[in-house]
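Asker: Under our numbering, the first residue of the sequence shown is numbered 1, with each subsequent residue one higher.
Certain hints may be false.
Computed cross-link-like contacts, PhoX-like style, restricted to lysine-lysine with a CA-CA straight-line distance of at most 25 Å [claimed, not checked]: (1) K101 x K166; (2) K85 x K138; (3) K101 x K164; (4) K35 x K101.
Please keep in mind that the hints were generated in silico from the structure rather than gathered at the bench.
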Amino acid sequence: RTEKINIALRLPILIFNGLFLLYFFWVVSKFSCSKKLGALFVLLLSVSPILVGISQIINPDSFLWVFSGAAIFSYLALLRTREKKFILLTALFTGLSLLSKYTANILFPIYLFLFYGYYFLESGLFEKIKETREYFLKGIGGLLGIYAGSLVVFSIFMPAVFVKFKYLADGTFDFPGFKILILPLLA
1 RTEKINIALR
11 LPILIFNGLF
21 LLYFFWVVSK
31 FSCSKKLGAL
41 FVLLLSVSPI
51 LVGISQIINP
61 DSFLWVFSGA
71 AIFSYLALLR
81 TREKKFILLT
91 ALFTGLSLLS
101 KYTANILFPI
111 YLFLFYGYYF
121 LESGLFEKIK
131 ETREYFLKGI
141 GGLLGIYAGS
151 LVVFSIFMPA
161 VFVKFKYLAD
171 GTFDFPGFKI
181 LILPLLA
């Protein structure tokens with residue numbers, strides 16, 4: 001009986017994570033401009049023993065790797081393509097990551113790091129001050145939109161935040177240990 005229950009609970013998680021590989025193929029192909037690289041990424045991701053194993057455990061980590069990975073790759077696609085749909089996708093997947101585990105708050109400093117890192121790696125594109133200013137203004141606006149959107153997604157799927165603000169704070173910007181980590185991460 002326990003085996004049947006475990007299959008009934010694990011199989012949907014495994015199927016969901018397996019189908020989500022299609023999204024990874026699409027988003028990696030978008031930001032790398034190569035369908036071959038997207039296919040190679042999905043192939044390597046789908047045979048990773050750690051990810052296959054975590055996909056079979058009834059645990060929030062099963063969804064954390066999917067949603068946080070989708071959020072990071074969506075943000076990379078935003079940096080590369082500058083398409084506004086990736087702001088919405090990054091916000092959606094960040095919000096879902098926050099719902100699966102509060103440690104997903106680490107995504108916000110990662111976005112900031114990627115934002116500045118992309119600028120310095122692609123600095124040949126931004127030789128004029130006007131273009132640099134525009135990049136930073138749009139980028140900061142996008143980051144604020146992602147943050148606000150992820151809070152909205154978190155709030156919609158965790159309606160208790162409308163009763164007690166403490167639940168929103170605990171699940172997002174005020175989780176235990178974040179205050180200790182924020183300064184070193186930002187530095």
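Asker: Next step is simple, just say for each hint if it's right about the structure.
Answerer: Comparing the hints with the structure gives:
1. K101 x K166: holds (16 Å)
2. K85 x K138: This hinted pair holds, its Cα atoms lying about 14 Å apart.
3. K101 x K164: holds (19 Å)
4. K35 x K101: Judged against 25 Å, a Cα distance of about 31 Å means the pair is violated.
Hint 4 from the list above is the single one not met by this structure.
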